[in-house]
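Trainee: Residue numbers (numbering that gives the first Met the number 0), protein chains in the order written: chain V, 0 to 260; chain F, 0 to 260.
Honestly, the hints are just simulated from the structure, not real lab data.
Certain hints may be false.
To be verified - With a straight-line Cα cutoff of 30 Å, these simulated DSS-like cross-link-like pairs (lysine-lysine) come out:
no., chain 1, residue 1, chain 2, residue 2
1, V, K8, V, K27
2, F, K142, F, K128
3, V, K213, F, K49
4, F, K49, V, K120
5, V, K120, F, K257
6, F, K256, V, K120
7, F, K256, F, K210
8, F, K120, F, K56
9, F, K128, F, K105
10, F, K210, V, K213
11, V, K213, F, K75
12, V, K48, F, K210
13, V, K120, V, K79
14, V, K213, F, K48
15, V, K213, V, K142
16, V, K48, V, K63
17, F, K63, F, K210
18, F, K120, V, K257
19, F, K48, F, K79
20, F, K210, F, K139
21, V, K79, F, K256
22, V, K75, F, K213
23, F, K213, V, K128
24, V, K213, F, K120
Chain by chain, the residues:
Protein chains: 2
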Amino acid sequence: MQPKKIVGKVTFIGSGNVAWGLAPFFLKNGIEVAEVYSTNQVTGAEFAKKFNCQIAKNLASLDKNSDLYLIAVPDKEIEKLALAFPEAEGIIAHTSGFVPMNVFRKFENYGVFYPLQTFTKGLAVNIAKVPICIEASNKKVEKELALLASKMSNNVQMINSEQRKSLHLSAVLVSNFPNFLYNYANELLEESGLDFQILIPLMEESVRKIKYLKPSDAQTGPARRNDQNTIEEHMRMLEAFPEIQNVYNLLSEQIRKKYHE
Amino acid sequence: MQPKKIVGKVTFIGSGNVAWGLAPFFLKNGIEVAEVYSTNQVTGAEFAKKFNCQIAKNLASLDKNSDLYLIAVPDKEIEKLALAFPEAEGIIAHTSGFVPMNVFRKFENYGVFYPLQTFTKGLAVNIAKVPICIEASNKKVEKELALLASKMSNNVQMINSEQRKSLHLSAVLVSNFPNFLYNYANELLEESGLDFQILIPLMEESVRKIKYLKPSDAQTGPARRNDQNTIEEHMRMLEAFPEIQNVYNLLSEQIRKKYHE
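Given these sequences and hints, build the entire structure.
Mentor: Right under this line is the structure:
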């Protein structure tokens with residue numbers, strides 16, 4: 000089977016942050032959000048209400064006339080879903096950075112539609128700048144998914160499964176882990192009676208710099224300067240926070256080694 | 000001695016990133032940059048040329064009529080400088096997040112003027128948003144430094160030496176360490192033939208979220224979900240990068256513990 004036309008009608012499988020993050024941009028660009036299927040009946044019903052679409056009771060009862068079945072569920076459920084998924088004419092694609100495309104190999108027209116972004120329910124992202132990473136089982140599907148992505152984003156890229164995994168791991172390094180470090184700083188500042196928000200301009204500038212400098216050239220701080228006096232004092236200050244101290248120690252040592260050995 | 004008037008004339012001690020970062024904003028607000036003293040003769044001469052000011056050959060020959068001597072040198076040199084600094088009528092202040100104010104205790108009018116920002120030569124920051132942290136030996140100096148700071152920034156805060164140390168340590172956590180993680184991601188993406196810039200929108204959004212959510216509520220990622228399958232695969236992918244693997248392992252374990260134990 001070939002997809003019969005340009006994607007105009009989408010079914011969401013899953014009703015989590017990614018589905019909530021993407022659905023408004025489909026609607027905004029004239030793509031119909033026809034139906035949702037979710038194992039979570041609460042968020043599924045909320046999604047259907049918010050985006051004015053049908054709810055499927057189970058996979059078998061899905062509307063078979065969608066142009067695209069977009070699977071936005073936790074990674075570990077994708078394979079199971081792919082196996083149970085009914086035959087349909089439309090494209091089947093997932094939104095995961097981690098799961099290989101060939102999880103859908105029993106179908107003919109399939110692919111990946113991976114928005115490289117962190118989605119939080121209730122916070123709208125500027126989708127125009129979000130890289131949307133496309134992979135597809137054939138040229139026709141690739142063209143359709145890329146066209147769909149380009150309706151919302153100016154940054155559509157063809158990325159294969161191996162590259163996407165590397166991107167996904169990198170995203171953990173540049174997004175999840177920094178957020179956890181923010182969390183540590185929040186703890187320390189609460190102790191000192193300071194508001195964490197005072198750090199925001201610094202955090203913003205640290206990202207902005209990276210548009211102009213390689214990360215290795217942008218590195219600053221005590222470990223970069225091999226300033227043992229400051230490092231030792233920070234380690235002393237962290238004695239009451241052994242977990243933060245461990246992380247401080249490891250990262251400082253690795254920075255020092257990179258620049259001073 | 001009392002400072003005789005509102006700060007109108009500044010002498011910079013040091014010609015590094017902080018001096019280069021601040022000087023343009025003094026000039027822009029009608030504050031004269033009168034003189035610079037630097038142990039680095041090359042950057043000292045560049046600074047004097049760029050900001051059209053005098054160069055002092057040594058501390059003893061400094062112009063004694065400045066309203067403010069702003070010491071923007073590496074932390075470990077501040078105490079030495081304070082001891083060697085000649086008597087002067089103006090305020091003496093440093094720009095360090097780490098060094099206590101009382102390093103200047105032999106003077107009468109002294110303080111701290113700490114811009115909580117990362118400065119990179121050649122990259123202008125939006126100073127209006129930068130928190131400037133003030134501490135002073137007396138109310139009159141405090142008023143003068145705060146007035147000076149408020150000419151360039153909308154975010155002037157009174158911060159004591161202990162709090163400032165905590166801020167400085169937090170800045171390492173939210174700026175220097177994330178930058179090192181960016182560096183790791185850059186390594187991984189180079190291996191995969193991908194351009195690091197693809198991660199910028201994600202990095203920006205990860206910071207933007209923190210304006211609306213507590214870091215602990217904004218946490219996402221495999222460790223947050225306790226997704227062992229993904230964590231194990233990431234650890235396997237990092238076998239060729241043992242240093243990154245160490246950091247990945249420690250941070251993932253700490254995130255998992257915080258949310259799942």
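Trainee: The structure should be examined with respect to each hint, and the outcome stated for every one.
Mentor: Checked hints:
1. For the hint pairing K8(V) with K27(V), the CA-to-CA distance comes to about 13 Å; that is within 30 Å, so the pair holds.
2. A distance of roughly 20 Å separates the Cα atoms of K142(F) and K128(F); the hinted pair therefore holds under the 30 Å criterion.
3. The straight-line distance between the Cα atoms of K213(V) and K49(F) is roughly 26 Å, inside the 30 Å bound, and the hint therefore holds.
4. The straight-line distance between the Cα atoms of K49(F) and K120(V) is roughly 49 Å, outside the 30 Å bound, and the hint therefore fails.
5. Restraint check: the Cα-Cα separation between K120(V) and K257(F) comes to about 22 Å, which is no more than 30 Å; the hinted pair holds.
6. Distance check on the hinted pair: K256(F) and K120(V) sit about 24 Å apart at the alpha-carbon level, within 30 Å; holds.
7. Between K256(F) and K210(F), the direct Cα distance comes to roughly 25 Å. Compliance with the 30 Å bound is thereby established for this hinted pair.
8. A threshold of 30 Å between alpha carbons decides the hint, and for K120(F) with K56(F) the separation of about 23 Å falls inside it, so the pair holds.
9. The hinted pair formed by K128(F) and K105(F) fails the criterion: a straight-line CA distance of about 33 Å is larger than 30 Å.
10. Pair hint K210(F) plus K213(V) holds up; C-alpha atoms about 26 Å apart against a cutoff of 30 Å.
11. For the suggested pair K213(V) and K75(F), the alpha carbons sit about 27 Å apart, so the restraint of at most 30 Å is met.
12. For the given pair, K48(V) sits about 28 Å from K210(F) by alpha-carbon distance, which is consistent with the 30 Å threshold.
13. Under the criterion of a C-alpha separation no larger than 30 Å, the hint pairing K120(V) with K79(V) is consistent with the structure, at around 25 Å.
14. Of the supplied pair hints, the one linking K213(V) and K48(F) holds, its CA atoms being roughly 28 Å apart against a limit of 30 Å.
15. For the hint pairing K213(V) with K142(V), the CA-to-CA distance comes to about 33 Å; that exceeds 30 Å, so the pair is violated.
16. Simply put, K48(V) and K63(V) have alpha-carbon atoms about 21 Å apart, close enough for the 30 Å limit, and the pair holds.
17. Restraint check for K63(F) and K210(F): the C-alpha separation of about 45 Å exceeds 30 Å, so the hint is violated.
18. Taken as a hint, the K120(F) and K257(V) pair is honoured in the structure, with Cα atoms around 22 Å apart against an allowance of 30 Å.
19. Between K48(F) and K79(F) the alpha-carbon distance is near 27 Å, which keeps this suggested pair within the 30 Å criterion.
20. Of the pairs offered as hints, the one joining K210(F) and K139(F) is violated, with about 34 Å between alpha carbons and a cut-off of 30 Å exceeded.
21. Among the hinted pairs, K79(V) with K256(F) is consistent with the structure: their alpha-carbon atoms are about 28 Å apart, no more than 30 Å.
22. A hinted pair counts as satisfied when its Cα atoms are at most 30 Å apart, and K75(V) with K213(F) qualifies at roughly 27 Å.
23. Restraint check: the Cα-Cα separation between K213(F) and K128(V) comes to about 24 Å, which is no more than 30 Å; the hinted pair holds.
24. Between K213(V) and K120(F) the alpha-carbon distance is near 14 Å, which keeps this suggested pair within the 30 Å criterion.
Checked against the numbered hints listed earlier, the structure breaks hints 4, 9, 15, 17 and 20; every other hint is satisfied.
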